[in-house]
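Protein chains in written order, with the working numbering: chain A, 1 to 374; chain B, 1001 to 1524; chain C, 2001 to 2185.
Derived by calculation from the structure, the hints in this document are not laboratory data. As the structure is a prediction and not an experimental result, all values here were calculated from the model. Quick reminder that beta carbons are idealized off the backbone N, C-alpha and C, glycines included. There could be a bad hint or two in this list.
Stated by the list, open to error - Pairs of lysine-lysine, DSBU-like flavour, derived with a Cα cap of 30 Å:
id, chain 1, residue 1, chain 2, residue 2
1, A, Lys132, A, Lys85
2, B, Lys1487, A, Lys325
3, A, Lys85, B, Lys1187
4, B, Lys1417, A, Lys372
Unchecked claim - These stretches of chain C come out as covered by chain A in the derived footprint (C-beta under 8 Å, 3 or more residues):
id, stretch
5, 2081 to 2088
6, 2107 to 2119
7, 2123 to 2137
8, 2168 to 2179
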Amino acid sequence: MVGGNVMRSALMALMALPAAAFGDNQVNMSPGVTTIGAEIYDLHMLIMIICVVIGIGVFGVMFYSIIYHRKSRGVVPSQFHESTKVEVAWTVVPFLILIGMAVPATSTLLEVYDNDDAELDILITGHQWKWKYEYLDESGENVSFFSNLATPQEAIYNTDQKGEHYLLEVDEPLVLPVDTKVRFLITANDVIHSWWVPEIAVKRDAIPGFINETWTKITEEGIYRGQCTELCGAYHGFMPVVVHAVSREEFNAWMGAKRADEAAQVAAAAMDLSLDELMSKGEAVYNAQCLACHGAQGEGGVGNAIAGSAIALGDISTHLDVGIKGVAGTAMQAFGRQLNDVDMAAVITYQRNAFGNNTGDVIQPSDVASHKQG
Amino acid sequence: MGDHHHGPATGIGRWLFTTNHKDIGTMYLWFSFAMFILGGTFAMIIRAELFQPGMQLVEPGFFNQMTTLHGLVMVFGAIMPSFVGLANWLIPMMIGAPDMALPRMNNWSFWILPPGFLMLASTLFMEGGAPAFGWTFYAPLSTTYAAPSVTFFIFAIHILGVSSIMGSINIIATVMNMRAPGMTYMKMPLFVWTWLITAFLLVAVMPVLAGAVTMMLMDIHFGTSFFSAAGGGDPVLFQHIFWFFGHPEVYIIILPAFGVVSQIIPAFSRKPLFGYASMVYATASIAFLSFIVWAHHMYTVGMPVAGELFFMYATMLIAVPTGVKVFNWITTMWRGALSFETPMLFCIGFLILFTIGGFTGLMLSIAPADFQYHDTYFVVAHFHYVMVAGAVFSMTAAVYYWLPKWSGRMYNETMGKVHFWISFVGFNITFFPQHFVGLAGMPRRIPDYALQFADFNMMSSIGAFIYGASQILFLYNVLATIIAGEKVTDEKVWDGAEGLEWTIPTPAPYHTFEVPPKLDAAHA
Amino acid sequence: MRLSANPTTDTVLKLATVSVAMFAFVFVVMVPLYNVLCDALGINGKTSAQAYTAVDAAVDTGRSITVQFIATNNDGMPWEFRPQVTAMAVHPGAANDTVFFAANPTTQDMVAQAIPSVSPSRAAEYFHKTECFCFNQQPLGGESNTLMPLQFIVDQDLPKDIKTITLSYTLFDVTARVSDQIAAR
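All chains should be modelled from the sequences, with the hints used to inform the complete structure.
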């Protein structure tokens, strides 16, 4: 029957909607790479289709009136103005439709809250303006790192090209094994943030002083990108989330390499570096951590200028204090817990020698370590 | 009430000292339009920055100040005072009263608004800049991490809150005590009903907002820890208190708009409003339900599942009375004799677009799905559909509808229709694509975005400029009408209009119903 | 009850009372209610700030719960802070104890406050601490370290579906707050 074919084609067209786009532009939620994400997608489509059908009905009646019940057609207006039967009908029927929606919604929500039997726990901490990831290990030797936006400032300020993953790329992604139930423990260091990856359908607020819990089980290897979704200050739009879902073997290899890395960093902190090595590493750290507030030429901005500043040209110990402990009551964070001694030594050396500062000072990782001990 | 009557005073003193509900209504309306332009300017800056990926015009911190002030000015400066202005002009006339119950308090209610907004706007020039924590000002971003201007923000909110509370007390006192003999509650125009219910909501929840900002003040300056975990407090407590105010607030915004539409659609259908009693009960139900749904703004905060389910069910339930109202309006049109002057066009626009906003609201109420919608542009699209295409379109319809009665002059109908079509098209170009980018993953309150969101953002910005420009046309039409519009003297300016305000001369005399009217059978 | 003979004044006084009452409601009802409900229902993961007095009860040896410990520092807190063990298997009803290591690397005396948070939040009412370093502020001299004790019992009535309880402590620097309070005396 024609009506049936039309219905079927319409439904098929609607089902194709996740892939639909205007040109290259995505117009719909994606079912993603988790079963819960697919359930959420189905729920979204169900509600939307019900709304579209009701909308067509309601607007259809209204447009009919607009066309046929016009004064200009010479119609005489009816004067009916109440009907208890009709009021009851259009109260009860929507109520029943809502119950129909509430049932699948309830069961999906209960699944979202089922955090049991996870194989891997990750502690996620929101900072202004980056994420910290810690793989919780029974031995307490957690692999942990910060994940910073990797898009260069030149791309943001339009002096250079924007890459394909503009604003959705980080230096250190969160690596997770597929087909493994992963539990996320989420908190924040300062203000409220929110961790979201659309394709795995996980979003949870990160609240300072409190721990939130949620889970995922990714079914497909790939790279999935998301962003912070709670206004958290000036750079709220610049703290993306990148998840690399890899096979179990690859994950184990990566964890092994990470542990080795961290051990190497500890060893490196005992060694001395040349000025060139410190400057080159320092520049990289500066660009990732300091540039946004202190400027590409150390000219300042949200933060104070570093070029020609009393701190950068003055006492090394004071400069280390500012970098390690931050400045209370300002946006200058305590980087002592975020940068290892090698990176800290490098960036302080860089600040003291770049931007025309030229102090000739060389700060070694061991200097940073002894400064931290007091 | 005195025995002798004279026309209005002259000069600036007339406006500073007036206790006349028409004058005060006029001041509210002009003030709110000025705030609409101010808030709109902030929006233009936002959309100009979001025209393309990359930071072109403003710094991220300033962008956040713009989003915050856009929200605050539009909600508290444009929308709410505009409907208070309508209430002032219309309620006394609609119930056959000579003025509001408390004319001097009425004057104060208005006149504290300009200084309040001046204080808020002045924060742009303070050290550290204006508030940049969103119009929802969650702690601790708005307490421990706020710029010094936050204290002035708090004072400004207190001032605006006092204005609203005083205005609402006035409205309730007027409606309860000053209806003409024979005008029972169930004979009042629906606009009066919706404002009566709105006023009760305001009296109940504006003090809650005052409480929330006072707690912020105490945390910031007096060492308390309501919202700070360090001292045993909880940032989420702020959200509960704020949204306990915030959800009724959005119904405060829309209920008077429902009232306006309920007056205008019957007039241009030449048919009585369908289901008057049902409309009253639906409005009251929406108001009651609005107190128990607040945490649907907080689905991702980590509430226990029982809480999430309760708020989901309660929120879904609000769709029922809201749907009843939409069905009643459409049934009012059914088998009427419709004509499509500008007020009716804006009301039809309201019906379509508010309903779409209602559908996305239903989608948002579904808690597990909301994990994908929350804090994205899908939410931004939803609330602009209900607030702009809902409340603002209704307000615009009201101005076109009643301006001839207020001023004795007819606006230019062609220009009005052009304003409608440009607004309608511009609005949809601005906000429809925002559903798409939200579903595709774009968060709210970001000054820059990933490349896959570029095309729709450009489209949205173009739409915004179009919509913004059309408001200048509106201003021109209103001014031209008042100054030199074609004179109208019929009491019943519109042949389908019903209500006491259409029984008095046009333009409305400075004092009306000094003697209560005799209600005839037509006002049953 | 009429507050005035004049009906308008009567309405106004009643509404003004409602406004004032709603303002008071926020401070006097909403805040305590939030805390009481959270405490009673254990729904925001906050555990009691007072020591629990243990009652004699049988240990449920047939059931094992994993208790996981997490330690994080809040903004600007420079201490070393970590649990001695990251997880323990416990039986409901049994008394358990552990310690958290804290070290102040600066040269200044400081005071910290540890704030606990439990997940799943509904487990909080079944997690009883008989002794906890979070009950008090923790002063620590410059360049010193300490072991801070935690003693707890998981209630036998813990819902059957909970198998893991995560206890997270966030350490806040309250040195300034404490010195303000002392200065204020």
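Now for the hints, and whether the structure bears them out:
Restraint check for Lys132(A) and Lys85(A): not satisfied, since their Cα atoms lie roughly 60 Å apart, outside the 30 Å limit. Taking the CA atoms of Lys1487(B) and Lys325(A), the gap is about 73 Å. The hint is violated against a cut of 30 Å. Only pairs whose Cα atoms come within 30 Å are accepted, and Lys85(A) paired with Lys1187(B) is accepted, the gap being roughly 22 Å. With a CA separation close to 71 Å, the supplied pair Lys1417(B) and Lys372(A) exceeds the 30 Å bound.
Under a criterion of three residues with beta carbons nearer than 8 Å to beta carbons of chain A, the stated coverage of the stretch 2081 to 2088 of chain C is upheld, 5 such residues being counted. With 5 residues bearing a CB less than 8 Å from a CB of chain A, the stretch 2107 to 2119 of chain C meets the requirement of three and the coverage assertion stands. Counting residues of the stretch 2123 to 2137 of chain C whose CB lies closer than 8 Å to any CB of chain A gives 0, so the stated coverage by that chain is violated, three being the minimum. Against chain A, the stretch 2168 to 2179 of chain C contributes 4 residues with a C-beta closer than 8 Å to a partner C-beta. That satisfies the three-residue criterion, and the hint holds.
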